[in-house]
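So the protein lines, in turn, are chains D and A.
Sequential numbering of the first sequence, starting at 1184, is according to this note's numbering.
Sequential numbering of the second sequence, starting at 5, is according to this note's numbering.
In case anyone wonders, no lab produced these hints; they're calculated from the structure.
A couple of the hints might just be wrong.
[Claimed, not checked] Simulated restraints on C-beta separations:
hint, chain 1, residue 1, chain 2, residue 2, range
1, A, Q278, D, D1198, 18 to 26 Å
2, D, E1193, A, D127, 36 to 44 Å
3, D, I1189, A, G69, 19 to 27 Å
4, A, A95, D, C1318, 48 to 56 Å
5, A, L193, D, G1299, 34 to 42 Å
[As the list claims (entries may be wrong)] Within a straight-line C-alpha distance of at most 20 Å, the following computed SDA-like cross-link-like pairs (lysine to any residue) qualify:
hint, chain 1, residue 1, chain 2, residue 2
6, A, K6, D, R1253
7, A, K6, D, E1200
8, A, K6, A, F50
9, A, K6, D, Q1322
10, A, K6, D, R1202
11, A, K6, A, G74
12, A, K149, A, E27
[To be verified] Some chain A residues well away from chain D (every beta-carbon gap over 10 Å; in silico):
hint, residue
13, M5
14, A19
15, Q42
16, P46
17, L58
18, A112
19, I113
20, N125
21, H144
22, R161
23, L193
24, D199
25, E242
26, S255
Note that beta-carbon positions come from the ideal geometry of N, C-alpha and C, so glycine has one too.
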Amino acid sequence: MRVSLIVNGEAVTADVEPRQHLADFLRQTLGLTGTHVGCEHGVCGACTVRLNGVIVRACLTLAVQAEGARVETIEGVSATGEIAALQEAFHRRNALQCGFCTPGMLLTAAEWIALGGGPDRAAIRDWLSGNYCRCTGYQAIVDAVAEVAGTARGGAP
Amino acid sequence: MKFAPFSYLRATDAAEAVRLFAEAREAAGGARFIAGGQSLLPALAFRLDQPATLIDIGPIASLRGVTLDGGRLRIGALTTHAMIERDPLIARHAPILAHAATFVAHAAIRNRGTIGGSICNADPAAEMPAVAVALGARLHLLGPKGARVVEADGFFRGYYETLRAEDELLTHIEVPIAAPAARWAFGELARRRGDYALAGVAVCWAAAPRIVWFGVGDGPRRDGAAEAALATGATAAEIAHVALAGIEVASDHATDAATRAQIARVVLRRALVQAGLAA
């Protein structure tokens, strides 16, 4: 089935099987492997991408459902510099753990900040709960998000 | 896990969706409507369901959004949980719905999952079915034989089972707007924010109180004994004590029925006190 969409600002048209989910489409057809495939049933959040400006699970979205949509992946938001402050804070604080969850964590954290979420650690943990994978703790990740969220609100980091 | 192959059809309006379903249902495996797909696609991934055809109702713009219509809220079935969290009409006229939506799964899922999908899926631990019952919502269904309206209270028959026939489409949900004096409470306990609740409760008190459990038994269930106790001014501890009479509390590998019942009573007591509905 033919699908046309905008991925990281570029128009893309491709033939896809209806059963192919958006994460496989991005990885296999477009070679955008920053979107990770973990659990493939919506639990781990490693496949998080933006669809029409908001984060979604790419494994719970069919590529054909993205017809006419705007999709941004970790590659796209990295290239535009939009999440540079979060990436810098993650890097400096070593907020990576095994790193598999990182692209999804960054996109999820970026939406928290875009919606005006503050540096409250408990609230950030609630927000990131959909990206918990197999590590534990997430201490440095929460530190990094709280730092950038605090700065975005004009407070001290 | 990859989905098994299926055909995919896109509907542009509700009547077309119903017609496409009627045509597609004859094939082996049958057809399913797909809205946000946030419960259907995991079921397909696990091969718990393997339909031959998916009929995508996502593009039907008229089924998305919230309006005020003759003193009632009209919530399109495709309205996402994220929209419900932030909609000014919901905040004003059905605030329990906005509050409960924040407990539905995670942000990325709330951006895609829909209230209509949640109600039709009828997961026993889902928030939206219980809140719909507590609010006295009415559900508008469209099928090959025409449209009908059913009360949310009574719609949920058991685990993932409702009064909706498989060829009927839920088009919108009608909610009476809250009177100025109406009060509500909501509570749930989950191991991790966004997980399905071990037990949860939605309480709405307009003319008479409604107390509706979710995650406790086989679906959203009203608690008549607790409602009567609340209406007669009992304390939260007394209401929690009489609650769950005649309600079969579910057991699973992680939480047995006695533990779940205890959690449910604590959730109810705390919710009532926090909302100021009982002392």
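CB of D/I1189 to CB of A/G69, is that within 19 to 27 Å? Check passed, 24 Å falls within 19 to 27 Å.
Using Cβ atoms and 10 Å as the threshold, tell me whether A/N125 really stays out of contact range of chain D. The claim stands: A/N125 keeps its Cβ more than 10 Å from every Cβ of chain D (closest is about 13 Å).
Between A/K6 and A/G74, does the CA-CA distance stay at or below 20 Å? violated (46 Å)
Once the closest CB in chain D is found, is it more than 10 Å from A/L58? violated (7 Å)
Closest CB-CB distance from A/M5 to chain D, is it above 10 Å? Check fails; 5 Å does not lie beyond 10 Å.
A/I113 and chain D, when compared Cβ to Cβ, separated by more than 10 Å: violated (6 Å)
Distal placement of A/E242 relative to chain D, Cβ over 10 Å: holds (32 Å)
So A/A19 supposedly isn't at the interface. Is its beta-carbon more than 10 Å from every beta-carbon in chain D? holds (21 Å)
Distance rule for A/H144, whose beta carbon must clear each one in chain D by more than 10 Å: holds (24 Å)
Does the beta carbon distance between D/E1193 and A/D127 stay inside 36 to 44 Å, or does it fall outside? holds (38 Å)
Assertion that A/R161 lies farther than 10 Å from chain D (Cβ): Non-interface label stands for A/R161: nearest chain D Cβ at 26 Å, farther than 10 Å.
Taking the closest pair, is the beta carbon of A/D199 still more than 10 Å from chain D? The claim breaks: A/D199 does not keep its Cβ more than 10 Å from every Cβ of chain D (closest is about 8 Å).
Figure legend: structure checked against the earlier numbered hints; hints not met, in rising order: 1, 4, 5, 6, 9, 11, 13, 15, 16, 17, 18, 19 and 24.
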